[in-house]
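Using the sequences and the hints given, assemble the complete structure.
Just so you know, the sequences run in chain order C and V. Sequential numbering from 1 applies to the first sequence in our numbering. Sequential numbering from 167 applies to the second sequence in our numbering.
These aren't lab readings, by the way, just hints derived from the structure by calculation. Keep in mind that a hint or two might mislead.
What the hints assert, rightly or not - So the derived list for chain V, only partly shown, Cβ under 7 angstroms to chain C, looks like this:
(1) V209
(2) G212
(3) Y349
(4) I395
(5) M431
Glycine residues also receive a C-beta, built at the ideal position from the N, C-alpha and C atoms.
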Amino acid sequence: MTDITLTVNGEEKTASVPPETTLLKMLREDLNYTGAKLGCDVGDCGACTVLVDGIAVNACLMLAGQAEGKNIETIEGLSTLEEYHPIQKAFEDVASLQCGFCGPGMIMSTKALIDQGEELTRDDIKDALSGNLCRCTGYTKIIEGVIDAYEEITGKKVPETNPRAA
Amino acid sequence: MKHRGKGIGCMWYPIGFTVLANPSAATVKINEDGTATLLTGTVETGQGSLTVLGQIAAEALGVSTDDVHVVSGDTDTTPMDTGAIASRTTYVSGNAIKLAAENARQILFEVAAPMLDVRPDQLEAVDRKIQVKYFPQRCLPIADVALQAQFVMGRPPIGSASYNPPTVGMDPETGQGKPFSTYVYATQCAEIEVDDETGEVEVIYMSAAHDCGTAINPMLVEGQIEGGISMGIGYALQEEMLFDDDGKQINPNLTNYIMPTSLDMPKIDVDIVENFDPTGPFGAKGVGEPTAVPTAAAICNAIHDAVGVRITSLPATAEKVLKAIKELRDGGEQKALPAAE
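Spelled out as structure tokens, the structure:
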């Protein structure tokens with residue numbers, strides 16, 4: 001067993017897990033953060049996306065031991081009992097999600113993207129979400145939700161583009 | 167060189183099969199605070215059906231959608247429903263819920279009639295009130311009427327109903343009959359780009375015009391159509407189950423069974439072509455599966471428009487498209503490549 005100490009959503013947590021345990025398994029089964037979902041378990045679907053020191057990673061591909069001393073953010077850290085995080089609010093307002101299984105991963109990928117503080121285009125957003133698979137929505141309303149959240153949080157505008165103009 | 171092309175695909179799709187029993191049942195209970203509880207056996211799979219069914223109940227009861235608490239998909243407590251299948255939920259379950267809500271509302275009308283000195287058939291339920299038709303100032307809050315019904319008249323306002331699209335057997339000799347209750351129609355147009363050196367197809371733009379009867383929740387209809395288009399793009403260009411000689415799937419992972427990502431999605435314009443179907447709840451039909459039907463046809467027609475080749479087996483992978491382009495160049499029968507634009 002390996003003892004691991006890390007910060008999850010601002011709280012210091014410790015767990016004692018076998019060395020082969022993934023970060024996702026430790027979060028879900030030892031620390032009871034079940035927001036990150038177990039989808040494919042091989043890094044294809046992105047449902048397990050969490051932020052490690054601000055960078056979006058597939059928690060199923062990272063060993064728990066590699067997270068020692070790191071600062072982890074999960075979907076549970078975004079909203080309070082009183083209000084949603086602006087990304088969650090934007091996703092709700094435009095009905096971005098349908099079954100919702102991809103939602104925690106989509107929202108954490110979005111947070112990592114917006115937190116970088118760079119000017120975004122529609123293509124940057126599509127690129128940043130390309131590691132998160134969704135079978136229900138066709139991504140269209142998710143991209144709309146990300147644009148709304150970005151504009152709400154940063155006050156900047158995502159430029160309109162016309163892909164049909166050759 | 168990249169070639170642009172446009173294509174159209176059309177479809178019709180049946181809603182509410184009638185060759186077998188296809189029932190849904192529902193119970194609506196109006197509470198003494200003017201809210202309502204809806205029991206339905208159908209299951210929410212993310213498409214927003216419970217929102218739409220709650221809206222149907224609210225419209226029939228004259229209350230807000232927020233006032234309707236929906237309990238669903240629990241075989242211990244909810245009435246029977248054939249299921250969230252065949253794009254039938256809004257149409258069949260919606261009809262059952264509308265009937266159940268109307269039965270509960272009828273009790274409110276009968277209780278309110280003597281309180282307002284009119285006959286029950288002179289009443290309507292609007293804006294959380296039971297009011298006299300054409301005299302909206304003569305009204306009572308639904309909460310007051312429900313309270314009166316329960317605690318004074320001894321008639322709790324509960325309605326149950328079921329709906330089964332009338333079962334019609336097919337003629338065993340001719341195979342003819344009326345297998346479905348109603349139909350929806352749609353056309354999708356694709357604008358694509360084909361690279362004639364690699365065969366790769368990129369979808370640039372899709373427009374989708376869908377008839378779904380009355381769109382009870384247009385935002386959810388848009389979500390269904392956009393999701394259907396992504397499945398259609400996967401069907402047209404990417405997704406293929408491959409099997410070995412023993413019938414074992416050789417690509418059972420998302421690494422090698424390729425489905426669309428956000429990068430594969432074009433700009434989409436959705437056009438909801440509303441009409442009123444007299445057999446549906448408030449004129450609604452359905453929208454689920456039909457959204458994925460015409461996409462692949464539109465894309466394959468657009469490939470033909472762009473580079474003059476007909477792809478007749480899906481998915482139209484880069485390898486297949488490139489092979490067809492080469493055959494055409496080597497003297498195939500299809501029309502020559504269009505001149506460079």
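Subject >> List of violated hint numbers, smallest to largest >> reply: 1, 3
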